[in-house]
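Asks: With chain L held as given, fit chain Y onto it using these hints.
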Amino acid sequence: MKRYAYYLSCINESMTKEVDRSIALWQKDLGIELVHLHESTCCGGSNLDYVSPKHFALVNARNIAHAEKMGLDLVVSCNTCLMTIRSAKKKLDASPELRAEVNEILKKEGLEYRGTSEVRHLLWVLIDDVGLEAIKSKVKVPLSKFRIAPFYGCHILRPSTVLGKDNPLDPSSLDQLIEALGGKTIPYRHKNRCCGFHTLLVAEEESLSVAAEALGEAIEEKADFIVTPCPLCHTVLDGYQSKALKQAQIHSSIPVFHLSEMVGLALGYSPKELGIKRHIVS
Amino acid sequence: MTVSSEQHIEGKRDVTFRVFRLNPQVDSKPYFDDYTIPVERGITVLRALNYIKENIDASVSYRVFCQAGICGSCGMRINGISKLACTTQVWDELPKCREAGIIKIEPLRNLPLLKDLIVDMDPLVGKMKHYRNWVESSMPEPEMGKKEFLVSEEEFSRYDKATDCILCASCVSECSILRANKEYVSPAVLLKSYRMNVDTRDSLHDVRLAELVQDHGVWDCTHCYRCQETCVKNIPIMEAIHGIREDAIECRGLKDTAGAKHAEAFMSDIEKKGKLVEATLPFRTNGVAWTVKNLLPMAVKMILKRRTPPPPPLVKSSKGMKQFREEFREMTEHVKDDHKTHNK
Numbered sequence: 001m002k003r004y005a006y007y008l009s010c011i012n013e014s015m016t017k018e019v020d021r022s023i024a025l026w027q028k029d030l031g032i033e034l035v036h037l038h039e040s041t042c043c044g045g046s047n048l049d050y051v052s053p054k055h056f057a058l059v060n061a062r063n064i065a066h067a068e069k070m071g072l073d074l075v076v077s078c079n080t081c082l083m084t085i086r087s088a089k090k091k092l093d094a095s096p097e098l099r100a101e102v103n104e105i106l107k108k109e110g111l112e113y114r115g116t117s118e119v120r121h122l123l124w125v126l127i128d129d130v131g132l133e134a135i136k137s138k139v140k141v142p143l144s145k146f147r148i149a150p151f152y153g154c155h156i157l158r159p160s161t162v163l164g165k166d167n168p169l170d171p172s173s174l175d176q177l178i179e180a181l182g183g184k185t186i187p188y189r190h191k192n193r194c195c196g197f198h199t200l201l202v203a204e205e206e207s208l209s210v211a212a213e214a215l216g217e218a219i220e221e222k223a224d225f226i227v228t229p230c231p232l233c234h235t236v237l238d239g240y241q242s243k244a245l246k247q248a249q250i251h252s253s254i255p256v257f258h259l260s261e262m263v264g265l266a267l268g269y270s271p272k273e274l275g276i277k278r279h280i281v282s
Numbered sequence: 283m284t285v286s287s288e289q290h291i292e293g294k295r296d297v298t299f300r301v302f303r304l305n306p307q308v309d310s311k312p313y314f315d316d317y318t319i320p321v322e323r324g325i326t327v328l329r330a331l332n333y334i335k336e337n338i339d340a341s342v343s344y345r346v347f348c349q350a351g352i353c354g355s356c357g358m359r360i361n362g363i364s365k366l367a368c369t370t371q372v373w374d375e376l377p378k379c380r381e382a383g384i385i386k387i388e389p390l391r392n393l394p395l396l397k398d399l400i401v402d403m404d405p406l407v408g409k410m411k412h413y414r415n416w417v418e419s420s421m422p423e424p425e426m427g428k429k430e431f432l433v434s435e436e437e438f439s440r441y442d443k444a445t446d447c448i449l450c451a452s453c454v455s456e457c458s459i460l461r462a463n464k465e466y467v468s469p470a471v472l473l474k475s476y477r478m479n480v481d482t483r484d485s486l487h488d489v490r491l492a493e494l495v496q497d498h499g500v501w502d503c504t505h506c507y508r509c510q511e512t513c514v515k516n517i518p519i520m521e522a523i524h525g526i527r528e529d530a531i532e533c534r535g536l537k538d539t540a541g542a543k544h545a546e547a548f549m550s551d552i553e554k555k556g557k558l559v560e561a562t563l564p565f566r567t568n569g570v571a572w573t574v575k576n577l578l579p580m581a582v583k584m585i586l587k588r589r590t591p592p593p594p595p596l597v598k599s600s601k602g603m604k605q606f607r608e609e610f611r612e613m614t615e616h617v618k619d620d621h622k623t624h625n626k
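Chains as they are written, first to last, in the working numbering: chain L, 1 to 282; chain Y, 283 to 626.
Everything labelled a hint here was simulated from the structure, so no lab data went into it. The structure presented is a predicted model; accordingly, all values stated were derived computationally and were not measured. Don't take every hint at face value.
[Said to hold, decoys possible] To spell it out: a stretch of chain Y is covered by chain L in this simulated footprint if at least three of its residues, at any positions, have a beta carbon under 8 Å from a beta carbon of chain L; those stretches are:
id, stretch
1, 556-562
2, 583-593
[Unchecked claim] Listed below are the simulated DSS-like cross-link pairs for lysine-lysine, each with C-alpha atoms no more than 25 Å apart in a straight line:
id, chain 1, residue 1, chain 2, residue 2
3, Y, K515, L, K91
4, Y, K443, Y, K386
5, Y, K618, L, K91
6, L, K54, Y, K622
7, Y, K618, L, K107
8, Y, K598, Y, K587
9, Y, K622, L, K91
10, Y, K587, L, K91
11, Y, K443, L, K54
12, L, K145, L, K277
Positions of the beta carbon are idealized from the N, C-alpha and C atoms, including for glycine.
Here chain L stands alone, though its shape is the one from the complex (with noise of 0.2 Å):
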């Protein structure tokens, strides 16, 4: 059993509670532990950065070092969590006087940023780590009868100078995951382009515009389902689809899934059980 610390997303704790009930679920069937870090707090969701940087490092710092003082990487199922707190880890590894100036805060809680564990997404410790034949090898219930539409969102792949897992522009993880779970993939041009999520209270009609397109296209193509490895993508395109798709003038309708009910679908967990009613769209 490989084990991880797992960070706990603001959204997964109260808006979209399924993602990390699913997880639950099924880790051990694929032989990995996520430990919950309780005392992680929120990354500050790529705006604490340039309110102030100098607080965005030391929130950061210290949600590695619970990691590290585990002895076990950070991992992270919310694309901007991870692009946050990678994209903290890279300044604080590239300046011994920042790393120096949050050590010294952080010493009174026992804690030490060394930069030794890493911070992963979820989805790349199911394909590096557990790999995909195993994974392969667990399904109970293959989703050949699905044509999958998958939407990776913006902060797996871009800044790719902070991510770096996945060719921005032409990314293959998750359509590699969704095959080795006996699911289809369609052509989906929009899969790496953006959900709208980030402005989506300050400028609501150019978001939904964004996240129109992306479902437009996956309805079009006559996806069954979208899968996203991101909760907040998945706040959009199924809280906000309705009203997304009416000002597109677009009739019709399309399920979204998060990567970690598709997983459970997969390995033979009921809708119910993965929390896929919570929905909004059914």
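Replies: Only chain Y this time, still in chain L's reference frame:
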């Protein structure tokens, strides 16, 4: 010997360029023309287009000037990605073709089309003017011409990268928000505004910043990083955008925008709970009236699915919050000290 002869065989082949065509004066809708030409390894897409224009079809239109990645004229979409034709090798594009051996060439997006691969740059120039993206000297007029305006190396390092921009508009073409609304300021303009705002010789900082925080300005960027990823000069454009935002939050009087309030909510929630209090985020960003009008129908659906974020008292604080809060506040003192030193 084997290696070099293989390279020779691989070094020349026929390649098809599928070129977007539209002459609005004649054509009712756009179409593609295929031109298949022999291409040697080492040839750029621009040279291939020049060959087509000189030998096959003189009517194919595109902008070109320096042919060396300096002037930014030949921005176009090659196999779907905005870039410079003059610095793009045909050989590098071959593995990226959707149809084997066919390289697709299209005009930049998000700017009006004039003909074939030529887009109208006027809207971009207009925005540069609107945000006054030039240095208006802070030197008193009587001193001009008599005194040098020295810029230290440290000062220059703040906008060194931003000066690499050649206005090719690749970032403009790839921008997610501009695609949704052509009024949006656009990444190239934000980059230039940042570059001017951190220039110590400039006197327009406050005026420019006040305009940047208005509608369709800096807060409308959705952090998709497509601009930065496609920048032909590898400029960290998002750092410039974040730089403007940081500046706007620090400047009194510019915080009264939805974008600034939204961003600051993260800071205060982390200090209080260690977690984001999502339930009240729309209210804090846009006020009660906006939230009720825009989010009520969705809130009802969410309540039915038990998807609503918990009200503030029920948001569970992170473990060890008391200690964390002390650390957070200690850093606040560091930041205050930094500002004092900076302002001296």
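Asks: It remains to establish, for every hint, whether it holds in the given structure.
Replies: The hints, checked one at a time:
1. 556-562: holds (count 5)
2. 583-593: Contact hint for the stretch 583-593 of chain Y vs chain L: holds, 8 residues under 8 Å.
3. K515(Y) <-> K91(L): 22 Å, holds
4. K443(Y) <-> K386(Y): 31 Å, violated
5. K618(Y) <-> K91(L): 21 Å, holds
6. K54(L) <-> K622(Y): Roughly 15 Å separates the two Cα atoms, so the pair holds.
7. K618(Y) <-> K107(L): Between K618(Y) and K107(L) the Cα gap is close to 21 Å, so the pair holds against 25 Å.
8. K598(Y) <-> K587(Y): 21 Å, holds
9. K622(Y) <-> K91(L): 23 Å, holds
10. K587(Y) <-> K91(L): 40 Å, violated
11. K443(Y) <-> K54(L): 22 Å, holds
12. K145(L) <-> K277(L): 20 Å, holds
Violated hints, in rising order: 4, 10; the structure is consistent with all others.
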